[in-house]
Amino acid sequence: MLLLSTYFLFSPERRTANMAASGGRTVGSFLWKCGNCCFNFNTVSSNLTRQVLSRQLCVSAVLHRKNLAAAGPEKFSEEFIKKQVEEFNIGKRHLANMMGEDPETFTQGDINRSIAYLFPSGLFDKKAKPLMKHPDEVFPKQRAVQWGADGRPFHFLFYTGKQSYYSLMHDTFTKALAVEKHQDRLRGKDLFTQDAKQISLVGSRWLLKEELEELLVETISEHDYARFIQLMERLLSLPYCSVEEDFVQRYRRQLEIQSSKQQVQPLQYDQHGVAYSTGDGRRKTAMGTVLLRDSGSGSISINGTNYVHYFPVLQDRQAGALRLAISRAMLSFLSEGQVETMRQAGLLTPDPRIKERKKPGQEGARRKFTWKKR
Amino acid sequence: MIRVLLVRWSRYNPYYLEPEPRKEVYHIPETELTPEQKEERELKSVRPIKAATNSVTSSVFNDPVLSKFVNMMMKDGDKIIAKGIITQTLENMKRKQVEKYHKAPEVKKAEIECNPYVIFHQALENCKPVIGLASIQKGGKFYQVPIPLTDNRRRFLAMKWMITECRDNKHRRTLMYEKLSQELLAAFSKEGNVVKRKHELHKMAESNRAYAHYRWW
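Residue numbers (this note's numbering), protein chains in the order written: chain A, 1 to 374; chain E, 1 to 217.
Simulated from the structure, these hints should not be mistaken for lab results.
These figures come from a predicted structure and were not determined experimentally.
There are no misleading hints in this set.
When the alpha-carbon atoms are kept at most 20 Å apart in a straight line, the in silico EDC-like pairs for lysine to aspartate or glutamate are as follows:
| # | chain 1 | residue 1 | chain 2 | residue 2 |
| --- | --- | --- | --- | --- |
| 1 | A | K368 | E | D76 |
| 2 | E | K44 | A | E256 |
| 3 | A | K261 | E | E18 |
| 4 | A | K358 | E | D76 |
Here chain E stands alone, though its shape is the one from the complex:
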């Protein structure tokens, strides 16, 4: 039997299960559990559980998508600065939206979204590509083949594009949070460079539709 040496190993025994930080899960009474959930609970009662990381909390303000975005923004392990930028971005977005809300006529007021978290999530959703391209070698040449993407990959691409866009295409004097809030608001209303990049990817995939059968998985 060949032993596969895993390069990525963890300090935990593989027997340990992941922790569940959300509080709502534990408040469901016994009667409303589905059989799978019951089984999962019983399994959890006999297995040891890993420790929860510092970034994960059971509070209502904990957002896994936002935490991931903060981590991607972080440079050299400086989470404080990254978290600061994000907080400033959200505040900035709120301010702009509230200003717009007050200036708008009565009819339009209901349509303006003020919650920065909602805007952030919707903007990210609008940036996510539906289909991706992979470079596949066939007969000595490399073709760009359209492939389906997993949820994680789509989310990652959206966040990556957003961050690179904000880092590269901005004026020297504009601060990061300023540029980021502009881009997020644009993405929320489906304008801006990031959604343009998403549309270009879709067009490329559509044009390379003929090579779709090169994919074997």
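The following block holds chain A by itself, in its conformation from the complex:
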């Protein structure tokens, strides 16, 4: 008898119907109500688990709503979301107990692994697989009701339709004006210098349109996004913009350092204590593996023969595969700075160029048939 304290999420539309009929319902009738259920639950003994199951919701895995602002009045009240969070946490602890792991240090990755283990799904569509996530990620972010009891909206820009976006633009422009005023004051006092401290922009990028929409809980058009970026650039063009650095950094995301993505294998030692490392590389269909030994004589042999005899011609795609293999083998011998130098010289990227396919109606990949006027 399997004890299941499962917490499955399905689409919110059907959920409302289920929520209306809560408490006192048996598991069986719920299973009948949610037509989407594909799991047969064994009889459950614990009271708590029965309660959890009885509040089953049918929710599809990806809930990203396209039109956040026009989602209508709130479907999920705040107390409901809070309850969902509590249930999620309880369910997480039960799951950790079931898997025999520590409930305190049970991460989302562990949850995903456990669900995949307990409910192996042979389905290909990611949206059809069972999922257990924090309610904040599942239920779309929505705004509280924007108007009071008398029907008057709270925000002064409510009737623009995109109040958060326009208020953001308004704030940004106010800040730009404030910076200009500050500059004029300094000019008046003769303290204006061109080389004021600038905001460092390297290594970060502007928020993407989707991320901005998520932040504002509002849909904006591409034109709006372009205008927003333009206004921020204008703010950054002022010499004394470092006053508003915090504001600007809120709308920038850090880019990760590429060199950290390189996997450097640790050195291996053979029986004589000589350090060696291996690397393999590929180019088109040529594959090569390289064994690099430390403190050697500098001789290179390929498949037993000397490299001069093997490669009469310098440029071969096998040479390209070997170059990548040698660079990778060398990584474990080099320092961080040298690894970065190699990466910037283009030695560590596998070459993605392949033969372009031939298209129908053409002789080759690019060459067209002879054009005849008639």
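Given chain A's structure and the hints, the job is docking chain E onto it.
The following block gives chain E in isolation, referenced to the frame of chain A:
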């Protein structure tokens, strides 16, 4: 928003940056970098880099101009033959110059250039046109209008003229490398057919000076 379909596309994401194969760039210490170079370095540290092509190396013998010339000489993808011709040309030039050096009196010895790479670069420089002509249609007629040329275009024209000259105007029995070395040495001393062609182009441009205002860019 109209989507422009690019006919020339690459296997790489446009996010990827070009690699820098020269070794000297990486040996400059932190203190001697200009702010632009510092910014460029920081940008490179966050962006992925394309793989270096097979023809580009970080060795001292790598010459981008020479590689371009080899590619232009190449027929049907046969780089081995093209590279062979160029090597033979350089060797031939060196031999001729060394012979001349030994035969010359002491006074003239310092003026004779023996390095074939230097001769090649100087010859190419002497062949590059300064101004070009473009065919512009105005009022139903086509006029040859003098226009400024970009560096790449000038280099390309010099190389193209050199190669076509060597392929067309040679005796049946002379080999390509022989003819090419003759032409390069002539161009080095500003004689020969290629520089003559350059001068003719300049004269044409000068004669069509009146139409210069037909250019709108």
